[in-house]
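So the chains spell out like this:
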Amino acid sequence: MTTAPVKETTNIGVSKPRVDVREKVTGAAIFTDDIQFGAALLYARVKRSPYPHAIIKRIDTSKAKAVPGVKVVVTGEDFPNRTGLYLRDRYIFARDRVRFVGEPVAGVAAVSEEIAQKAADLIEVEYEVLPGVHDPVYGASPEAPLLHPDLGNYEVPNFIFPVPNTNISNHFKVRKGDVDAAWSQCAAIVEHTFRVPHVQHVPIEPHVAIAQVDGDGNITLWASSQSPFAQRNLIAKSLNIPESKIRVIAPLIGGGFGSKAGITMEAIPVAIAMKAKGHPVKFRLTREEEFFTNFVRQGLVAKIKVGCDKDGRLLAIQNEMYWDGGGYTDYGVNITRAGGYSGSGPFDCPNVKIDSMCVYTNHPVGGAYRGFGMSEVHTGIIQAMHMLSEKIGMDFAEFLKLNVVQEGDKILTGMTMHKTGIKECIDKVTQAVNWGIKEPPSAPNKRRGKGLAVMWKAPAMPPNAGSSALVKLNEDASVTVLIGGQEIGQGSFTAMAQIAAETLGVPFEAVKVKGPIDTQYSPYEWQTVASRLTWSMGNAVRNAALDARKKIIDMVAEAWGEKPEDLDIKDGYVISYKTEESISLKDIVVYGIPKPDYNGWVGGPIVGSGNFMPTYVTGLDKETGQGERAVVHYTTGAQAVDLEVDLDTGQITILKAASAFDVGKAINPELVKSQIEGGFVQGMSSAIFEEMKLVNGVMQNPSFVDYRIATTADIPKVIEAYIVEAPQDDGPWGARGVGEHPMVPTIACLANAIYDATGVRVSNPPLSAEKIYLALLDAGVVK
Amino acid sequence: MSFHRIVLTVNGSTEQVDVPGNMTLLQMLREKLALTGTKNGCAAGECGACTVLMNGEPVNSCMVLAAECEGAEIVTVEGLAQDGQLDIVQQTIIEEGGVQCGFCTPGMLISARALLNRSPNPTEADIREALVGNLCRCTGYARIISAVKAAAQATQ
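Sequence lines, in order, name chains G and P. The opening residue of the first sequence carries number 284 in the working numbering; numbering runs sequentially from there. The opening residue of the second sequence carries number 2 in the working numbering; numbering runs sequentially from there.
Chain G with its partners taken away, still in its complex shape:
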């Protein structure tokens, strides 16, 4: 592949308007539930388990089948194959046993949603209730009942390590140096156990999927999906049919945050539609179902011990993590892995011991949630570092700058750290909040404090997750970019248009990037997850545009009898630096160019293709977690807040929040800042308000009234976003991802600020007013 000539950039590092915005403000944008399917449409509803753990003794569907308007009733008996992204441990409908409240047991399709629900209610299921596991530490112990006796037989990739005959579905270990020998050399040691509760992604668009199966068994699935290709693959595996018989169409997504990655409820309409051939079958989750029947963010118990020498230099980090994986951990096992290989936090430390265990419990199923594993890990490790800096008597910003990972450091897994701007991020956010200056509160009943946190996160994915793209030129010199990555709100379509425009040499406005993603026509993309699109799909689009560019230039060179290196494309024209001739891309990119005197033609319709797949990621040793390069790269960042705590109510008011992330290169700075701001508020919401209240596996608060997320009333007075750019060696223009990272440090940042304000540490989110007030009362700060 040729390298694009170095020239002035007009499309990169420029805040172009979103390509999808006009349709979104006019109501014209089509989301999955907006597609019209006509009179043959059936609606699916599901019978769910009311118990966290039970044997299914008997299912009687006769009453449901007798309801007028009911077309199909299915149970686990109909679908014997297991499914799952990283660990095939579950069925579409439970067979023999249920393992969480809300698990699908049977499904109904009927002419209306109302009739389907009525029929589902009439399905009789007899259970034998079993003792449950409701805590991951207990779940990992030999005393706990075994939830998956077949764990040892489940299909897993070679980087997941289940422990058969236990509830531990993945045990990821890091052994660097010797922590046990290091403790005696430490001048200060902090030991603390942190708990992070389950939370929900809460996309405003609930999950929805429609499936249709034709007479030949070809399946079409329309789904609000971050993973159309992964879903095609998983459905194929689960139903034992080839991928070519499945087509997944994914329109715009109304928020996903990981909940629409992998496969969850999408399999249900597919299964039902197989028994109702010809009918499209629509299944949408109610908001209540959205809260606990689909993927949730796993809970975590992290037992952390950290120590440093008298100068504050870190000597040892030990992090023993028990992830509350839920009834099935098909995605959770990889979250545990990511939590493990990043489990030290972004620190340079000679001795690190990590045990990251994914534990089956009788709780909702854990899945990917924006930066999976990272918010949870950083909640503990960053607070522990804050405690340690205080113990050794060092300013926290100085402590961080002394210990954060730098280029050339061997990180916990043995990988050599690449260039990173984390120190610059610390400087930016500390300056933004006047770090080190104690400022007065606004009222006598308030205490003011500042908090700081740093973070890192690598894309968590298989080593060979790939991207591909096509760049197609049209008669009017417009350019269509075909991709398989999704527009999920982050602005990927816009960034891809910028990359294609810049590479090809056409105006941004000439480039069209539009959904839906359609596995039948769109090029392959692994999944829209892991903050990987700008980097991975961006490389594929750039390569495809370079290919198209080369074809155009070769064509013109041949027609003009010139050398390709003397030609360039600018603003939609091919120009010759030698002869100063130019020709518009119009028409020639489809019809070719006539040779002199109409003595034949050169060229033809121009389509460029490109792909990208990292080829350098190595495995990690099962016992030590050591390997040459565990991940493709780490994005780092820092966050600081200035806040007040009201001593009468425990309520916090954030006066200012500042975040800085090293994105390598911001393709579109305003879109990057939007991610940073929105991510802060999502992180703040999870830090202050959010917790799935689970009592014996039953969620007590599955509604927006009882599970509050941040509103306009809650956001900080000032939210600042800073971009740092230490280029990524294999990113397009040096770019690396930032979509997930902004919410990762927020819980720790706020907890540190509350401590700074009050002298009281409330370490476990949610840092609710009630919890803060009770802690202040406990500590005698208020009476």
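For the record, the hints were derived by calculation from the structure and aren't laboratory data. Careful: at least some of the hints might be erroneous.
Straight-line distance between alpha carbons at most 27 angstroms, and here's what the computed DSSO-like set of lysine-lysine pairs gives [to be verified]:
#	chain 1	residue 1	chain 2	residue 2
1	G	354	P	33
2	G	878	G	755
3	G	853	G	755
4	G	834	G	869
5	G	833	G	869
6	G	558	G	586
7	G	348	G	401
8	G	869	G	706
9	G	401	G	340
10	G	401	P	150
11	G	1000	P	150
12	P	33	G	939
Non-contacting residues of chain P with respect to chain G, defined by C-beta distances greater than 12 angstroms in every case (computed) [unchecked claim]:
#	residue
13	6
14	18
15	56
16	125
17	131
Bear in mind that the values here come from a model prediction, so they are computed numbers and not experimental data. Using N, Cα and C, we set each Cβ at its ideal position, and we do this for glycine too.
Given the structure of chain G, go ahead and fit chain P onto it with the hints provided.
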């Protein structure tokens, strides 16, 4: 099931619709009139994604029965732009970058329009209060609030 024949105005156009007694205004807009710009986020009046103007007032259309809308004047997101000219709030939300996934956007725009109709020069506190019932999970709200401020300034 009882059916009701209702006549109402939607985005300036007179519509006659036969609706079952339990059908909500949201369902009627989406399923009977194919106005799918108005979104269903919770069907419980808690998220604001289905906000429309009913006789000038913002309502959660999932909490209004269609049968109650006899004679009503409804404005949905599809009715904000006039002759292809975007409403000022639609323009400013684009300029300020207040749109990400776009699912809350229709309801957000309607609540903003309702605010500006009753209070052309709102304070930041007014804006925050007017939008407090519209949940957004992507943007963090700041750019949406700026957009409403900018819209108010532009029409001063």
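Hints the structure fails to honour: 6, 8, 10, 12, 16 and 17
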